[in-house]
Each structure stands twice: as structure tokens, then as C-alpha cells.
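Q: Residue numbers (UniProt numbering), protein chains in the order written: chain A, 1 to 227; chain B, 1 to 227.
There could be a bad hint or two in this list.
Said to hold, decoys possible - Interface residues of chain A toward chain B, partial, derived using beta-carbon atoms under 7 Å:
| hint | residue |
| --- | --- |
| 1 | 15 |
| 2 | 39 |
| 3 | 42 |
| 4 | 43 |
| 5 | 49 |
| 6 | 65 |
| 7 | 84 |
| 8 | 88 |
| 9 | 222 |
Unchecked claim - Okay, derived cross-link-like pairs now, DMTMM-like style, lysine to aspartate or glutamate, Cα gap no bigger than 25 Å in a straight line:
| hint | chain 1 | residue 1 | chain 2 | residue 2 |
| --- | --- | --- | --- | --- |
| 10 | A | 77 | B | 64 |
| 11 | B | 200 | A | 100 |
| 12 | B | 77 | A | 38 |
Derived from the structure by calculation, the hints contain no laboratory data.
No residue lacks a Cβ here, since even glycine has one placed at the ideal position from N, Cα and C.
The primary structure of each chain is shown beneath.
Number of protein chains: 2
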Amino acid sequence: MDKERQASLSRIIHYTFNDPSFMIMALTHRSFSAQHNERLEFLGDSVLSFLIASELYKRFPRIDEGDLSRLRAQLVKESSLSAIATSMGLGDFIRLGEGELKSAGWRRPSILADTFESIIGAIYLDGGIEPTHQFVSRCFETQLNEIDPKLIQKDAKTLLQELLQSKKSDLPIYNVVSIEGEAHSQTFTIECHIKKSNIKTQGVGNSRRIAEQEAASKAYHLMLESM
Amino acid sequence: MDKERQASLSRIIHYTFNDPSFMIMALTHRSFSAQHNERLEFLGDSVLSFLIASELYKRFPRIDEGDLSRLRAQLVKESSLSAIATSMGLGDFIRLGEGELKSAGWRRPSILADTFESIIGAIYLDGGIEPTHQFVSRCFETQLNEIDPKLIQKDAKTLLQELLQSKKSDLPIYNVVSIEGEAHSQTFTIECHIKKSNIKTQGVGNSRRIAEQEAASKAYHLMLESM
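So that you can see chain A by itself, here it is in the shape it has in the complex:
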């Protein structure tokens, strides 16, 4: 890999390696050489999981651990990582063996995602956690900014319904307990009732939907605990 291509990738990832051998290893698929990137991928995967967990934890103080975990899974799944890799043109730099070249391996999502994780591992080994954090933050900035904590809460009703269906239980009934305040700033209290499981929970919110979600979330956790 010549210096020009190395410099070109450095510009793309906004990071210049102190030791370019880390970068070269990160770009090397096992079909190309025994000095391939799979150990770096293992390392990069764990660095990425940690950095995303930390970012989500700090950004969303009110999201519970289950939702944090689902959000992270969403962000670091293969298709997300390969989309980021594609957007930075990483495929052009991957070193592949002949067979993989012929079958256009540089376009395969698994290879793109693995190489992206390897790059993360390589930056971490080369520069430590701080530049890795900066790289990951840049890569995921848009996706992190697009997360709407309100939409995550929406999952609670769906989750509860799925859980109850899987247990062949009756579905929850949501009742309005009270609506207080003026028209422009009402507070809803909603009860979620699952008859068969003898569960009654309440949620409070500025809209009926939010209150239902909170009640559903509580019921969901009670259900899980009783299983």
C-alpha cells in the first residue's frame, strides 16, 4: 500500500497513524494474507460497543438499560456499520485475495463492517481511546442525533403486547384514570390492566400516548420479573 493511498485514507478517517502497519493490518482480509485483520476486528468491536454504550448512557439519562441495549444493537449492527464504511469509501482500500476480488468482496456488507471495526481497533492501538472516541463520534454523529428518546418509549407498548402474545395471555387494556390541567398543558394518567396476570400499573404524561407508554413499560417490567 503506497504512501499516497495511506494519506488518502488518513484524510477520509481524519486520523493519521503513528504506525501505519496498524492501518495496513486493519485493511487486510484473511483471504489476502495471514497477517489479517480478525484480531483487530475483535478488539475494535469491543471498543465500539463500549464507546456507543457510554455515549448513549450520557445522552439519554432517562432511557432504561433494556432500551439502551436495543439502541446500541441497532447502531452497531452489520448493516449500519457497512453503510458507514460505504459512505467513507472504505471498500476501495480493503486488501482482498483473488477469490474475494472476483466476487466483489469489497462490496459485501460483512467484509465492510468487519474492516470498519478493524479500523477502530487499529486507531485504538495506535493512538489510545481518545482519538478512537473522536473517530467513532464523527462516524455516528448523525445517527446519534437522530435518536428520539420519545420514539424509543413507544416500544414499551409493542414489547408488552409481544410478550403477552408469546405467553398466550390476554392483551392489556388502557384506561384513562384522570386528565388534569388546561387544554394546552394537560396531564394524563393512564392505567394499564392485564387481567390474567393481575397487573395494574399507571403512567403519567403530557399526552395520552406518553402516559400509556409509561404504564406499559412498568407492566412490561413486572411481567418480566414474574416470569
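Given the structure of chain A, go ahead and fit chain B onto it with the hints provided.
A: Chain B alone, transformed into the frame defined by chain A:
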């Protein structure tokens, strides 16, 4: 939680919190309060996975990603974490609700392991990655020092055999290709042959066993790729 108990735990974990509220939350089980430790546990789990991955990567440059992953799983599994938590007497500090107190929740491996992970998350939030790294290194020092990379390599032959048995394939035959050098520094080249799968790989090493393991490891990966 009074200052004396806080100081006592600080001595045990060799870390004094700048903000003791992190420590208190880390010790709080969901049965005790809504301000419980499950978000911290999510964070601590990912910090721990990352730190152990990084430690294993650096300590064992010749162990492949599959074995690194298995080693990590071994180190961070619930029973390992609860053993560490027990050895530091963490159970005495966990804040449990009445029900959990009655059923001796402070001795339950899952609660001990979760609290241990929460403490890791709390140290990370309070002090950053460096003190967390030091804490984790201290906790896992003995276990990390006990890992024998030679024993891990032994797995390749076993893994290959198990894989072949699961596929109802014939078992591999190991043949000596060559033995070179003087008696005190011989180099063995061993071939691993799996007839039915038409796989032939070679391993080289200073003992027959090492060469066989290498040949087995290569055959194992070829088998996996062809599946």
C-alpha cells in the same frame, strides 16, 4: 449509606469516588429503589468487555480472535464476576429491598455479578477510563496471569474433532511430513488430512504437538469457511 461504610468500600476497591452518589447508585438493587443500578450495569458490562478484550489482545499476540473471544467469555461470565465480588465482600454493601433481603439476595451470583459490573460503570463515570482500567486489572490480575496460551492452542484439535463429529465426517489424520534440525531444536512439519472434505493443511512447530495444533487450527478454519 454512612460515610464510614463508604470509606470502608473505598478501601476495598482502592478507589475513592469524587461523587459518592455514583457509588451508592451502583450498590442499589432495583428491589430497593427506583434509582437502581441497572443502567450502570449496562455501562459497566461494556467497559469491562472492552478492557478485558484490550488486555487479552495485548498479552497474547498469537492467539486468534476466536480464542480471544472464548477467553473473554470465560473471564466475564457471571460465576467469575460473582466470585470476584464475593472475594471483596461486596455482598455486605448491596442495598436490597425487603424481599431480596429475606431470600439472602446478597449471596445470589446474579446480583453479585451485576453489582460488580455496576461498580465498574460507576468508577468509569466518576473517574474516566484510566482508574477503571486499574480497578479491572487488579480484579483480574490472578486470572489473567493464570492463562496459559499453550493450553488454549490445544483447543484446535478438540474443536476440529468436535466439528467433524457434528458433521458425521471422518476424523482427521495427522502425518509427519518432516522433522528437521538437531535433537535439541527440532522443527516438526505435520499435515492434517480430512479425506472426505478434501482438506490438507500443514503446521510447523518445535514439537509435534504444536505443529499438529497449528495444522488442526488451519483445517478447522477451512472447514468453517466451507460450511
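Q: Look at each hint and say if it fits the structure.
A: Do the hints match the structure? See the list:
Interface restraint check for residue 15 of chain A: the shortest CB-CB distance to chain B comes to about 18 Å, outside 7 Å, so the restraint is violated. With a cut of 7 Å, the hint placing residue 39 of chain A at the interface with chain B holds, because the nearest CB-to-CB distance is about 5 Å. With a cut of 7 Å, the hint placing residue 42 of chain A at the interface with chain B holds, because the nearest CB-to-CB distance is about 4 Å. Annotation: residue 43 of chain A was flagged as interfacial toward chain B, and the flag holds, the nearest CB pair being 5 Å apart, inside 7 Å.
Look at residue 49 of chain A: its Cβ gets to within about 5 Å of chain B, closer than 7 Å, so that hint holds up. Because the smallest distance between the Cβ of residue 65 of chain A and any Cβ of chain B comes to about 4 Å, under 7 Å, the interface hint for this residue holds. The interface hint given for residue 84 of chain A is violated, since its Cβ lies 19 Å from the closest Cβ of chain B, which is over the 7 Å cut-off. Because the closest C-beta pair between residue 88 of chain A and chain B is about 23 Å apart, greater than 7 Å, the hint is violated.
Checking residue 222 of chain A against chain B: minimum C-beta separation of about 12 Å lies over 7 Å; hint violated. Between residue 77 of chain A and residue 64 of chain B the alpha-carbon distance is near 23 Å, which keeps this suggested pair within the 25 Å criterion. Straight-line distance between C-alpha atoms of residue 200 of chain B and residue 100 of chain A comes to about 21 Å, which keeps the hinted pair within the 25 Å bound. Of the supplied pair hints, the one linking residue 77 of chain B and residue 38 of chain A holds, its CA atoms being roughly 23 Å apart against a limit of 25 Å.
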